[in-house]
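There are 2 protein chains.
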Amino acid sequence: MLILSNEEIESFLSISACIDALEKAYKSWDKGTAINRPRTDLVLPSPNESGVYAFKSMEAGLVDPPIVAMRINSDIIRWRQQGGRVLKTKVPAASGDKYVGLVMLFSTENGEPLAIFPDGVVQRMRVASSSAIAARCLAREDASTMALFGSGWQAGSHLPAMCAVRNLKRVNVFSPTKSNRDTFAKEMQQKVTAEVRPVDRPEEAVRDADIIATTTNSLTRVVSPEWVRPGMHLTCVRVPELGDETIRKVDRLVIHSHKHAPENYVAGFGDDGIPAHDAIDIIKKGPGQVSGSLVEHPFWLAAPELRELVAGKVPGRASSEETTCFLNNLGIGLQFAAVGAAVYSEAKRRGAGHEIPTDWFLETVHP
Amino acid sequence: MLILSNEEIESFLSISACIDALEKAYKSWDKGTAINRPRTDLVLPSPNESGVYAFKSMEAGLVDPPIVAMRINSDIIRWRQQGGRVLKTKVPAASGDKYVGLVMLFSTENGEPLAIFPDGVVQRMRVASSSAIAARCLAREDASTMALFGSGWQAGSHLPAMCAVRNLKRVNVFSPTKSNRDTFAKEMQQKVTAEVRPVDRPEEAVRDADIIATTTNSLTRVVSPEWVRPGMHLTCVRVPELGDETIRKVDRLVIHSHKHAPENYVAGFGDDGIPAHDAIDIIKKGPGQVSGSLVEHPFWLAAPELRELVAGKVPGRASSEETTCFLNNLGIGLQFAAVGAAVYSEAKRRGAGHEIPTDWFLETVHP
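Chains A and B supply the protein sequences, listed in that same order.
Using the numbering used here, the first residue of the first sequence is number 238, and each one after it goes up by one.
Using the numbering used here, the first residue of the second sequence is number 238, and each one after it goes up by one.
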């Protein structure tokens with residue numbers, strides 16, 4: 238069994254390989270030769286961090302390549318008030334101030350575990366790949382300028398991913414802290430041929446933009462409705478970055494998944510002697526209250542899914558004047574199966590990672 | 238992170254530790270300080286074995302001890318006709334003719350993965366522990382003779398488990414193959430003080446029995462309704478071993494879980510070019526058709542759950558004349574959390590297993 242690190246995966250995984258693998262997986266899923274088990278969360282009090290523990294799992298299987306992937310997150314979460322807003326943060330509570338997110342791959346040929354690796358790099362590559370696949374169907378073919386909001390982990394994958402599907406000449410980067418956007422722009426300039434330009438105000442970022450991509454942690458609106466112009470394509474990593482009013486201005490909307498919220502299994506709060514506090518009150522109100530926008534049936538759930546767009550069951554952009562939008566509303570295991578399979582095959586080709594005995598994970602008894 | 242083998246676990250895990258841990262977990266679950274995500278199965282064609290691939294997962298979390306367990310099975314399955322019966326078998330398709338079943342444990346204190354080990358020993362210990370916990374509430378206190386059907390993996394854990402909760406003097410073992418039951422009885426005689434006696438006919442096994450325990454792979458009835466006498470306690474590892482008619486003769490019935498069938502996610506069969514065959518036809522009919530007894534809403538689903546019995550919310554045996562029964566109808570992740578935590582704490586105390594660097598499974602990036 239192969240053990241890989243984020244650094245190894247980052248060194249060899251190309252965004253175009255991710256896009257290709259994921260596009261194929263969406264088509265398979267649409268025609269019934271791939272399957273996805275939607276995310277479920279277990280939520281419990283965490284004894285150590287005065288926070289909340291959440292165990293997230295999702296899994297998916299492909300017929301070709303013959304693989305199943307399970308993605309697991311084991312997180313300590315805190316909510317805090319800042320201004321009028323609720324911010325959700327993961328606490329790096331594991332040794333060395335680290336997080337725990339894992340992808341495990343299994344062979345459907347013989348059942349064996351194939352690999353296990355942290356989810357960080359794959360996680361951002363798959364989100365960016367889904368955005369890029371949607372943009373390939375929805376953005377103007379001659380799109381040349383992109384406004385990018387955010388200069389963090391997701392921004393760093395979205396920029397090359399969007400450059401892979403459209404011939405971008407310029408990317409205007411805005412994030413609230415000048416030093417962050419400047420550093421980000423400098424780093425990114427090494428990776429793409431488009432001119433990457435940090436800008437001081439969001440209005441400046443969107444002025445000539447054909448594409449607006451938001452890649453932030455914000456639970457409140459980043460894109461004002463008045464910035465939306467004919468012909469634009471919008472894409473986000475969280476629905477609240479756009480917000481209802483902006484989304485309603487769009488002519489053609491596609492979402493990632495009709496299953497828009499994970500199923501929650503919550504224990505250990507409330508009437509059993511464990512004192513309630515803010516975070517727990519939020520939990521008790523359910524996920525709909527946590528993000529402020531995951532209402533029971535948001536209007537945009539009526540939009541088609543990305544897999545239908547990729548499979549050609551619903552049309553992409555119909556004219557150069559249309560305004561289009563893709564909502565990356567909830568991640569799915571299928572992304573980890575597709576990108577995970579690409580990681581595995583490239584790692585094997587290169588001999589990357591640590592091999593540990595597969596036999597440790599096998600058994601002679603009929604379980 | 239600790240890696241353990243079935244052999245190591247078997248060497249130190251006592252049935253009484255399992256029973257204690259599991260009894261506490263049922264009480265916690267009942268009062269809301271433990272949580273369980275029911276089993277889901279992904280089903281896909283397997284390219285290699287002309288069989289079917291099934292990926293099974295379930296998970297559960299406890300507040301005390303602060304642990305989450307995930308149990309995974311990655312199986313190649315074949316169905317075959319024998320006589321009029323459909324037999325379901327797992328194919329040991331992994332290297333060295335092995336199976337793949339795993340338990341992973343995580344800390345809710347800091348999120349870290351704690352251990353990973355094959356599920357075989359824990360799997361049989363938890364089934365037997367649940368049966369024993371039910372027997373402690375339901376069997377006559379003076380029960381002294383048990384009829385045990387089966388001489389395989391589950392039989393080997395049920396015998397000591399039942400001896401741990403009732404002062405049994407004699408166990409009559411029946412299984413169809415004489416050499417199997419003889420060998421089994423001889424082995425078991427080393428482990429318990431009760432007299433373990435192989436018998437040639439099922440009627441002989443049940444003649445003086447206070448408890449009938451079925452621990453077979455049979456998908457058809459093992460216990461005839463006419464064998465049920467006042468005061469008896471019946472227990473099984475699969476509902477079809479008893480069958481509707483026998484179950485209906487019981488005065489007091491308790492089941493393991495009201496969620497009686499896993500949720501299935503099936504892909505890759507039928508209209509997509511992969512040829513259909515027997516196993517696939519069975520799959521297409523759904524799990525209700527596979528076992529022959531998992532009908533949509535079997536009458537026994539109205540019975541209370543084991544956790545309610547353990548918590549004292551429903552009464553146990555009310556008189557020495559009552560006939561009682563426990564149906565181990567579907568396994569749950571909670572069993573792996575409880576028994577897994579007992580395994581982990583004992584392994585740490587003894588310094589058992591391989592340690593591999595936990596850091597391989599951690600990451601610095603916010604996933």
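By construction, these hints were calculated from the structure, which means they are not laboratory data.
Treat the hints with care, as some may be off.
Same chains, same label: a pair holds when it works inside one copy or across any pair of copies.
[As the list claims (entries may be wrong)] The list that follows gives simulated cross-link-like pairs (lysine-lysine, DSS-like), each with its CA atoms no further than 27 Å apart: (1) Lys293 - Lys415; (2) Lys268 - Lys423; (3) Lys415 - Lys327; (4) Lys496 - Lys293; (5) Lys486 - Lys423; (6) Lys293 - Lys264; (7) Lys264 - Lys335; (8) Lys261 - Lys293.
**Message:** Output the indices of the hints that this structure fails to meet, ascending.
**Reply:** 1, 2, 5, 7
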